[in-house]
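Novice: Here's the letter readout for the chains.
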Amino acid sequence: MSTLIVPPHVPSVAEDCEQLHKAFEGWGTNERLIISILAHRNAGQRKAIRHAYAETYGKDLLKDLDKELSSDFERLVLLWTLDPPERDAVLTDEATKKWTKSNQVLVEIACTRPSKGLILVREAYHSRFKRSLEEDVAYHTTGDFRKLLLPLVSSYRYEGDEVNLRLAKSEAKILHEKIKGKHYSDDDVIRIVATRSKAQVNATLNEYKNEFGNDIIKDLEHDDDNEFLPILKATFECLVYPENYFEKVLREAINKRGTDEGALTRVVATRAEVDLKIIKDLYHKRNSVPLHRAIVKDTHGDYEKMLVALIGEDDA
Amino acid sequence: MAVADEFGVLTKAFTGLGVDEKSLISILGKWHPEHKQSFRKTTCDIFIEDERQFERWDDRHVQKLQQEFLRFKDAVVLWTMHPWERDARLLREAVYKGPNYGILVETACTRSSEELLGARRAYHSLFEHSIEEDIAFHIHGFEKKLLVGLVSAYRYEGPKYSEEVAKSEAKILKNVIKDGAKKLHEEEEIVRILTTRSKLHLKAVFKHYKETSGNYLDEDLGDQLILKQTVQCLCKPETYFTEVLDVSLKGIGHGFAKEALTRVIVTRADVDLKLIKEEYHQLSGVTLSHKNEEIANGNFKDFMLTLIAR
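Those protein sequences? They're chains B and L, same order as listed. Using the UniProt record's numbering, you'd call the opening residue of the first sequence number 1 and step up by one each time. Using the UniProt record's numbering, you'd call the opening residue of the second sequence number 1 and step up by one each time.
To be clear, the hints were calculated from the coordinates, so they are not data collected in a lab. There's no promise every hint is true.
[What the hints assert, rightly or not] Within a straight-line C-alpha distance of at most 27 Å, the following computed DSS-like cross-link-like pairs (lysine-lysine) qualify:
#1 B:K169 x L:K167
#2 L:K178 x B:K130
#3 B:K147 x L:K73
#4 L:K210 x B:K97
#5 B:K218 x B:K198
#6 B:K116 x L:K160
#7 L:K171 x B:K180
#8 L:K199 x B:K182
#9 B:K98 x L:K167
#10 B:K116 x B:K248
#11 B:K147 x L:K210
#12 L:K207 x B:K130
#13 B:K233 x L:K144
#14 L:K178 x L:K207
#15 L:K178 x B:K285
#16 L:K167 x B:K97
#17 B:K147 x L:K274
#18 B:K59 x L:K160
#19 L:K144 x B:K173
#20 B:K98 x L:K207
#21 B:K209 x L:K171
#22 L:K178 x B:K198
#23 B:K97 x B:K218
#24 B:K101 x L:K144
#25 L:K171 x L:K210
[Claimed, not checked] Derived DEER-like restraints, expressed as beta-carbon distance ranges:
#26 B:G117 x L:E293: 48 to 54 Å
#27 B:L165 x L:K97: 24 to 30 Å
#28 L:S26 x B:L165: 57 to 63 Å
Model, not experiment: these values are computed from the prediction. Think of the CB as a built atom: it goes at the ideal place given N, C-alpha and C, for glycine as much as any other residue.
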């Protein structure tokens with residue numbers, strides 16, 4: 001469920017463009033105006049605004065925003081304004097070029113987007129970067145990480161609900177065996193997690209719990225020294241419990257000393273129009289404090305205002 | 001026509017690709033029982049003398065005949081089908097009735113990025129699985145890694161590529177091949193380059209490889225047929241298809257090789273069949289049409305000739 005609040009009577013695209021252009025005029029920038037418009041328009045509306053802005057003023061709205069804004073606020077506004085596939089293309093490009101073993105962004109995008117969504121990201125990646133996402137992931141990652149990440153970003157999973165229970169049982173058994181033996185990057189583990197449909201993976205994890213007693217996530221928590229394990233764990237979480245995964249990312253970003261603005265920005269911008277409401281509710285349940293309160297405590301200025309607007313709490 | 005000649009025509013009507021419907025009708029339709037018996041007695045590779053004094057039709061020949069009667073229908077169906085459905089079915093058959101690595105490589109590498117994506121979509125609809133999960137489940141080892149990668153690729157198709165990177169990747173391949181590609185790490189580099197780079201980039205790699213080593217990359221990979229086919233399909237598909245046709249038309253092998261004529265003509269007719277025709281002529285000394293006249297029959301032959309001449 002989306003947290004985005006769009007006013008019942010939206011000004012015309014031309015009006016929005018004019019207001020935004022005014023917000024950049026003169027000394028300083030009218031950030032409040034920018035938030036009041038952009039934080040309350042959906043993807044289709046934002047796309048129309050960008051298009052009209054370019055036609056009317058001969059400039060790219062994003063470039064003007066880049067010039068006028070700065071720091072965390074700017075990054076949030078820019079990411080938010082982009083079309084979702086393009087946004088994901090930018091995020092995956094960054095994640096690839098500055099890849100580290102603890103970076104989970106590639107897993108997050110490859111596994112929480114619907115199959116068609118991932119294809120659109122790959123298309124947007126072609127347009128923007130003149131290469132394929134998979135060639136960059138293959139080039140910049142190594143070893144077991146490449147072995148997992150490459151098929152994940154290249155997957156085009158079947159999206160039906162059909163489940164083969166016999167297969168789920170046998171693949172649960174395989175997973176259990178490999179995990180017990182600490183063969184986390186075994187061919188079969190990768191095969192199951194990177195090619196099976198989400199419904200099938202879900203059924204397999206249910207069988208795993210029924211047969212062996214534990215959630216597979218619990219069984220993947222034991223090896224602190226293993227760098228690959230967190231990525232494998234994140235893969236399962238993103239595939240079958242995405243809202244839980246995102247709640248965890250938010251919680252860790254906010255609790256971290258100094259706050260991880262990168263993660264906070266990314267989750268809010270990418271989920272506001274998808275399932276941020278569910279994530280918000282989960283956050284409240286798990287942390288006994290509403291998300292917006294935690295955000296207000298941890299951030300400030302226009303960045304804080306934009307975040308609060310996107311999670312639907314700014315009474316605008 | 002003399003009866004002896006008719007025997008010859010009829011035998012030809014039953015052999016080769018497809019069936020000569022017209023001859024069957026005109027000859028068999030007018031034969032009296034003695035002619036038919038005479039035919040049965042003299043054509044020993046189709047009819048066997050049974051111990052109970054009758055000429056019995058060889059079962060295997062009847063089966064073969066069934067296949068040949070269906071050849072035209074299969075060609076028509078394949079031609080009329082949406083290319084996405086056609087490719088999804090080709091991939092499925094290659095996995096389940098084989099596995100046939102050649103057809104998997106061919107289908108994954110000679111289609112455009114959008115066409116391959118379409119085939120993957122159609123595969124979802126037809127078989128309720130993704131093609132990559134089926135390949136990963138049924139095929140193992142090095143071939144699995146390569147094929148899953150090839151079929152999952154959504155290659156960039158624009159004009160940009162890096163000459164520098166192409167040069168360095170040609171060098172990587174040269175070293176891998178020199179060492180005999182036995183070390184796992186190096187196998188991974190081959191798979192990475194072939195399964196993710198754009199076709200334009202790969203053509204540049206191919207060119208640099210030739211310039212620095214003096215050899216053609218596909219020939220140097222000759223020991224591993226699947227790699228040779230992959231490089232050919234990605235960099236010079238006309239050469240790959242010409243070789244497939246040549247093998248098929250010489251009658252070498254059976255099963256898949258025989259189906260190759262239909263598959264190649266139908267899938268390439270509106271793509272690069274002209275180039276394939278030229279190369280085939282250079283390779284074999286005869287035109288594709290001429291060869292088709294020689295070994296195919298009836299409606300099947302006419303349909304193939306029509307597609308070849310487009």
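Novice: Does each hint hold? Answer for all of them.
Specialist: Now the hints, each set against the structure:
1. B:K169 x L:K167: Not satisfied, since the Cα-Cα distance of roughly 48 Å exceeds 27 Å.
2. L:K178 x B:K130: violated (32 Å)
3. B:K147 x L:K73: violated (43 Å)
4. L:K210 x B:K97: violated (31 Å)
5. B:K218 x B:K198: holds (19 Å)
6. B:K116 x L:K160: holds (26 Å)
7. L:K171 x B:K180: violated (41 Å)
8. L:K199 x B:K182: violated (39 Å)
9. B:K98 x L:K167: Given pair K98 of chain B, K167 of chain L holds - Cα atoms ~24 Å apart, limit 27 Å.
10. B:K116 x B:K248: holds (26 Å)
11. B:K147 x L:K210: violated (30 Å)
12. L:K207 x B:K130: holds (21 Å)
13. B:K233 x L:K144: holds (24 Å)
14. L:K178 x L:K207: holds (18 Å)
15. L:K178 x B:K285: violated (61 Å)
16. L:K167 x B:K97: Given that 27 Å is the threshold and the Cα spacing comes to 21 Å, the pair holds.
17. B:K147 x L:K274: violated (40 Å)
18. B:K59 x L:K160: Roughly 26 Å separates the two Cα atoms, so the pair holds.
19. L:K144 x B:K173: holds (22 Å)
20. B:K98 x L:K207: violated (31 Å)
21. B:K209 x L:K171: Since the Cα atoms of K209 of chain B and K171 of chain L sit roughly 49 Å apart, the hinted pair is violated (cutoff 27 Å).
22. L:K178 x B:K198: Violated, because 42 Å separates the two Cα atoms, which is more than 27 Å.
23. B:K97 x B:K218: Distance of about 31 Å is beyond 27 Å: violated.
24. B:K101 x L:K144: holds (26 Å)
25. L:K171 x L:K210: holds (11 Å)
26. B:G117 x L:E293: 48 to 54 Å: holds (52 Å)
27. B:L165 x L:K97: 24 to 30 Å: holds (26 Å)
28. L:S26 x B:L165: 57 to 63 Å: Distance hint for S26 of chain L, L165 of chain B holds at roughly 59 Å.
Checked against the numbered hints given earlier, the structure breaks hints 1, 2, 3, 4, 7, 8, 11, 15, 17, 20, 21, 22, 23 and satisfies all the rest.
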